[in-house]
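With the hints as your guide, set chain B onto chain A.
Number of protein chains: 2
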Amino acid sequence: MPRQDEGWLEHRITRIDDAEDARLSPYRNVRERDLVGREGRFIAEGKVVLNVLLANAAFAVESLLVLENRLAGLAAQIALCPLDVPVYCVSRAIMDAIAGFPMHRGILAVGRRSAPRSAGQLIGALPSASLVVVLCGISNHDNMGSIFRNAAAFEADCILMDETSCDPLYRKAIRVSVGAALKVPFAREGSIDDLVSILQQAKFDIYALSPSGMESLYTAQPGSRTALLLGTEGEGLPKALMQTLKTVRIPMSEAFDSLNVATASGIALSRFSRFSGI
Amino acid sequence: MPRQDEGWLEHRITRIDDAEDARLSPYRNVRERDLVGREGRFIAEGKVVLNVLLANAAFAVESLLVLENRLAGLAAQIALCPLDVPVYCVSRAIMDAIAGFPMHRGILAVGRRSAPRSAGQLIGALPSASLVVVLCGISNHDNMGSIFRNAAAFEADCILMDETSCDPLYRKAIRVSVGAALKVPFAREGSIDDLVSILQQAKFDIYALSPSGMESLYTAQPGSRTALLLGTEGEGLPKALMQTLKTVRIPMSEAFDSLNVATASGIALSRFSRFSGI
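Going down the list, the protein sequences come from chains A and B. Counting in the numbering used here, the first sequence runs from 1115 upward without gaps. Counting in the numbering used here, the second sequence runs from 1115 upward without gaps.
With the rest of the complex left out, here is chain A (with noise of 0.2 Å):
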């Protein structure tokens, strides 16, 4: 029973004073170079993130990097994590030394990415009603993550998104989402037009939101299995593809007829969700 011995902490993580130490190599410079070409693995970072990447058992855990100072309010994540996992433990300078930037969070995590499922595969698993999130083209890592953060609050139930979107798996998307991006089942692959027929032939409600939209969202009646597609602020979503759709405007001024895509993706998302009729 470690848990119950006062020294299990200390026995349990491996103490590295030296900033060049290999095996510090996946956490260095992570914010310029995020991990590329890294073979399904990502950084998660903080407390909150880390418990949802231990609770996800599509994702692995490769090992963890510490602050001293941290130590002990971290005890619960660590002995959560399985035995095999190397618990690095750092003090502050190695950390920022490391990370290339002052690093606030106290613990960092390398995960990797079991195979993922395709968009096809996530489809043909979900349940009569169900609510899907697709994405055509969405760069900014912020508004990806948002986009998560508000799909995990709301209850959808995977995100399809096209391969000009941008990864989910970036520390600043995981980061943003609050951990979201480790638990709401995603599928980025192939073009818009692929995602949106493989939808219509699982009989689909396709919603496309945008600011010409013909129906309201406070008026529209979307069927037991919808998908809201979103695409960029900028130019929006394809002419060609938004004209084979229903469209849904969320109604605002005139005078300033702008939202932020992650806020959009936010209010449709509590309307066509269950929990507006709660």
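Hints in this document: simulated from the structure, not taken from any laboratory. There are no misleading hints in this set.
Same chains, same names: a pair is fine if it fits in one copy or spans any two.
Taking lysine to aspartate or glutamate pairs in the EDC-like style, the calculated list, with each CA pair at most 20 Å apart, reads:
1. Lys1286 - Asp1256
2. Lys1353 - Asp1371
3. Lys1161 - Glu1349
4. Lys1161 - Asp1371
5. Lys1161 - Glu1347
6. Lys1353 - Glu1329
7. Lys1360 - Glu1349
Structure of chain B alone, referenced to chain A:
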């Protein structure tokens, strides 16, 4: 008719080739110091924000700083500027040296706010049907900017905030607001209790937004004068205050009960604004 003269733009601007020129000092290191001790002055960035600034009589423009290779595309904004406002024009190298970081926007302005109105004055001037946003302890400039953007999109009449909230005229807040911080009237003063008291005297229906709110956003029936009260994501609103007010929640997942405060403001404003009936 200077605008029909092709040379008007060249005559209108003042070229500066020395990054140390004293006329550029208000623009120096804008990211770090943000005009500390600035006497009502602020920095506005980019064409969209500048358009809002030029359209609002409550603000004056003291000078413009334009990147030379963007000059032609910004001719309309420069033409709208009073003739006694200097328009400084610099190269990319000088711009980056002054700003202290690579400055992507092609235009900056130093603006100045005329004497701000008090919360009492703002509320006293509102019509019988009105929507007010009230902020307590919002200290993150991104969130502040996003809340202003949402307030403008849903035509909130004004924003009141306590003195622990951050300044909406901070450079980044203005930028994130897409200019709404220069559009939506606001007052920043005193305690949240003082602000609530002003609203109660003016017969406002005050709804405090909270994850533990008594009523669902989708069943609440706000009156013609509605105030939406938002607190920080962490600590939320003071408990003693909450007990004296109506509280409203955005219904969402119990497994991921977390929305960014700016997103929450967008969802609640969309629902409480006159636009939800359109």
